[in-house]
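S.K.: Each residue of the sequence shown is one higher than the one before, counting from 1 in the UniProt record's numbering.
To be clear, the hints were calculated from the coordinates, so they are not data collected in a lab. Some clues are possibly wrong.
[Stated by the list, open to error] Label pairs and their in silico Cβ distance ranges: (1) 118 - 22: 19 to 27 Å; (2) 122 - 154: 19 to 27 Å; (3) 41 - 122: 17 to 25 Å; (4) 49 - 152: 26 to 34 Å; (5) 27 - 154: 17 to 25 Å; (6) 57 - 120: 19 to 27 Å; (7) 52 - 25: 25 to 33 Å; (8) 59 - 118: 32 to 40 Å.
Beta carbons: idealized from backbone N, C-alpha and C, even for Gly.
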Amino acid sequence: MSAIKPDEPPGAWWGLTPVPLPIGHRFLGRHVAVHGLGFHAVSVKSARDFSQAVLRDWGICETAGLLNEVRLVVSELVTNACRHAAPEPVAPETEWSIQLGLHRDGANLTCMVFDPSRRVPQLSDQAGLEEGGRGLRLIESFSSDWGWQPLGGQGKVVWAALAMAESS
Numbered sequence: 001m002s003a004i005k006p007d008e009p010p011g012a013w014w015g016l017t018p019v020p021l022p023i024g025h026r027f028l029g030r031h032v033a034v035h036g037l038g039f040h041a042v043s044v045k046s047a048r049d050f051s052q053a054v055l056r057d058w059g060i061c062e063t064a065g066l067l068n069e070v071r072l073v074v075s076e077l078v079t080n081a082c083r084h085a086a087p088e089p090v091a092p093e094t095e096w097s098i099q100l101g102l103h104r105d106g107a108n109l110t111c112m113v114f115d116p117s118r119r120v121p122q123l124s125d126q127a128g129l130e131e132g133g134r135g136l137r138l139i140e141s142f143s144s145d146w147g148w149q150p151l152g153g154q155g156k157v158v159w160a161a162l163a164m165a166e167s168s
């Protein structure tokens, strides 16, 4: 496995919401959408459904297969956060959450997942038949750019930018 160097998403945009949203809460704006998620497997489906609803609301849901690409990228980002960033112990009353953010900026749609872990994302070098360990490789292949950034002792954000059609 190889560590990935920190990088910034297009525009280095971080201001999703002033404070993390509680689990289950959502914010939808013209160019920004945020969803607070728990560290549970059901969060992956919730993230996909939220992303689909946001893209439809923004009128960009079927742009050149963008919907399927966003759903896949968001699934992998949230799955990685659930598996590798959950604080111990995870209980229903925990204050920690995953923040899924979508940011629309010109020709890019950036999917961001904020989590409380300082753990560095690792690209797997697996070539075998293992079922797991390929999430970041999938993100790499379906996005135009991706990376991660530590958030000053507050965890990190892992992001992926996807190109949108110019008409969006």
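S.K.: A separate judgement is required for each hint: does it hold in the structure or not?
M.R.: Now for the hints, and whether the structure bears them out:
no.	hint	in the structure
1	118 - 22: 19 to 27 Å	holds, 22 Å
2	122 - 154: 19 to 27 Å	holds, 20 Å
3	41 - 122: 17 to 25 Å	holds, 21 Å
4	49 - 152: 26 to 34 Å	holds, 31 Å
5	27 - 154: 17 to 25 Å	holds, 19 Å
6	57 - 120: 19 to 27 Å	violated, 34 Å
7	52 - 25: 25 to 33 Å	violated, 18 Å
8	59 - 118: 32 to 40 Å	holds, 37 Å
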